[in-house]
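With the working numbering, letter number 472 in the sequence shown gets 470, and the count goes up by one each step, no holes.
Don't take every hint at face value.
As the list claims (entries may be wrong) - Subject to a maximum C-alpha distance of 35 Å in a straight line, what follows is the list of computed DSBU-like cross-link-like pairs (lysine-lysine):
hint: 1; residue 1: Lys23; residue 2: Lys176
hint: 2; residue 1: Lys358; residue 2: Lys201
hint: 3; residue 1: Lys23; residue 2: Lys308
hint: 4; residue 1: Lys161; residue 2: Lys358
hint: 5; residue 1: Lys23; residue 2: Lys358
hint: 6; residue 1: Lys92; residue 2: Lys23
hint: 7; residue 1: Lys186; residue 2: Lys126
hint: 8; residue 1: Lys453; residue 2: Lys308
hint: 9; residue 1: Lys228; residue 2: Lys358
hint: 10; residue 1: Lys201; residue 2: Lys288
hint: 11; residue 1: Lys282; residue 2: Lys228
What the hints assert, rightly or not - Each pair of labels, with its calculated beta carbon distance range:
hint: 12; residue 1: Trp183; residue 2: Ser380; range: 31 to 37 Å
hint: 13; residue 1: Gly264; residue 2: Trp34; range: 39 to 45 Å
hint: 14; residue 1: Thr408; residue 2: Glu76; range: 51 to 57 Å
hint: 15; residue 1: Glu76; residue 2: Lys288; range: 51 to 57 Å
If you are wondering where the hints come from, they were derived from the structure by calculation, not from laboratory data.
Even for Gly, the Cβ is constructed at its ideal location relative to N, Cα and C.
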Amino acid sequence: AAEAGIATFMNSFNDLNGIPATGDKFLQRDILKGEWEFDGLVVSDWGSIGEMIAHGYAKDGKHAAELAINAGSDMDMESYLYVAHLKNLVEEGKVSESNIDDAVARILRLKFKMGLFDDPYKYCNEEKEKELLGHQDHHDTVLDMAKKSIVLLKNEGGLLPLKVGQNIALIGPLADDKNSPLGSWRLKAEDNSAISVLEGMQKYQGEEFKSYQGVRLVEGGLPSFPFEVKINETDKSGMDEAVDQAKSANVVVMVVGEYGYQTGEGRSRAHLDLPGLQRELIEKVLEVNKNVVLVNMSGRPLVLTWADEKIPTILQAWHLGSQSGNAIAQVLYGDYNPSGKLPMSFPRSIGQVPIYYNHKATGRPNDIGNDLVFWSHYSDESNDPLYHFGHGLSYTTFEYSDLSVDKDITTGNIHVEANVKNTGNYDGEEVIQLYVRDRVASVARPVKELKGFHKVMIPKGGTTNILFELTEKELGFYNNQGQFVVESGDFDVWISGSSEGGLKGSFIK
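I would like the entire structure built from these sequences, with the hints used as guidance.
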């Protein structure tokens, strides 16, 4: 981030090796401002200077202010301890004037760069606000982002894309929800301003098309940002009506998941299953109709193992923002062929968390089929995730072939290329991914690391050639002293559509 020219850094709430980042001189002065020569400013997180007291690192507010300014935290956000104590701390000799001058200079320099001394209200232009807020270009961009974010996890039996005119039952507590898709950290977004899945599907099915809640997800009225979301665990009214609608439908689209305010900062969950009565609703629908398309809205990976076993088609729809319903409907009906890939692994069980693709091998790596217990595994679950990092299906299929790995004799860079053919019946985009493993290094490396990707549109029947170039930037790593090193040795390389499998080659650096 510093090399990219970022203007500010925010220090974090947490500690590193026992020292809160807000009071860490090594991080802020020695590395960031010293070794990296960063000339921007460092701002505290919301009240994080005062929170060093609760950490047990500062004895009171005055001590916290002293620790923070001396460590290199230039701007105090929301603890007000600089205002209260810096003058006295300088007079007592506990804070140098040079540290104050450094912080002030960094803040003023940024304000000059932003033009705020020429126009203090540069970013408070009411006319510009009226012109741009809600502009159609913004809606179009948001819709495009939302469509590209949807991940098709599973599509057995070809239930998707839907066909206009099918008898479709739309069921679920989030099917007609216009608030939850806005997510958690939405600040001043207007409540109930998102396009719901119902509204998106009505553009295909007609205005008379209805949805059936089945069960309420939350208790009481509209949830509020600062407070815990109360989940409905008892009220099943509406479940029978929804099941009746499912009986005669060709396809049932069920929109379930987490409420928008269930995810984000301060929203940790000990259980990652579908909250409330949603699984019971799904079970009852499956009893009368197996043709279920599950649309899961969540801000994190949920444990969908049961759903994966029982349901033929699953879409991961996240919290997609104001154009959510239009994006989901366009994917459901095939006007947009899904191209999203998972940015994290989805666990089979909560006990696998944390789970990630770029783990270390350990001294006793996974040894499937070995009856001995002394290797890294679960006795009651596979090590593999339910859905791998980078996973995401399309309405078409792609075939990878002809991997080649060569070294450029002039630059020493490694060229990795392959052919990708669209073998299905739809034009489609594919995210072609490159993974590398450094087999032996001075610091043990992960079993696999993403080092590049290309997203390309391939027409049905068409083939594209993809070339990756691996330089020292991709093949090096930071050692335990924070130094970037590039070492010679043997490397494995994969080109694939996810972190699972793919075409495999090797090279010597």
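Right, here's what the structure says about each hint:
1. For the hint pairing Lys23 with Lys176, the CA-to-CA distance comes to about 46 Å; that exceeds 35 Å, so the pair is violated.
2. Proximity of Lys358 to Lys201 is assessed by CA-CA distance (about 49 Å); at most 35 Å being required, the pair is judged violated.
3. Under the criterion of a C-alpha separation no larger than 35 Å, the hint pairing Lys23 with Lys308 is inconsistent with the structure, at around 54 Å.
4. Taking the CA atoms of Lys161 and Lys358, the gap is near 45 Å; set against the 35 Å cutoff, the hint is violated.
5. At most 35 Å may separate the alpha-carbon atoms for a hinted pair to count; Lys23 and Lys358 meet this at roughly 31 Å.
6. Between the alpha carbons of Lys92 and Lys23 the distance comes to roughly 15 Å, so the proposed pair stays at or under 35 Å and holds.
7. Note on Lys186 and Lys126: the hinted pairing holds, with a Cα-Cα distance of about 18 Å set against a maximum of 35 Å.
8. Between Lys453 and Lys308, the direct Cα distance comes to roughly 31 Å. Compliance with the 35 Å bound is thereby established for this hinted pair.
9. A threshold of 35 Å between alpha carbons decides the hint, and for Lys228 with Lys358 the separation of about 39 Å lies outside it, so the pair is violated.
10. Distance hint between Lys201 and Lys288 is fulfilled; the C-alpha atoms sit about 25 Å from each other, no more than 35 Å.
11. Pair hint Lys282 plus Lys228 holds up; C-alpha atoms about 24 Å apart against a cutoff of 35 Å.
12. Checked against the hint of 31 to 37 Å, the C-beta distance between Trp183 and Ser380 comes to roughly 34 Å, which is consistent with it.
13. The hint said 39 to 45 Å for the Cβ distance between Gly264 and Trp34, and at roughly 31 Å that hint is violated.
14. At roughly 55 Å, the beta-carbon separation of Thr408 and Glu76 lies within the given 51 to 57 Å, and the hint holds.
15. The hinted window of 51 to 57 Å between Glu76 and Lys288 holds, with their beta carbons roughly 53 Å apart.
Hint check: violations occur at hints 1, 2, 3, 4, 9, 13; the rest are consistent with the structure.
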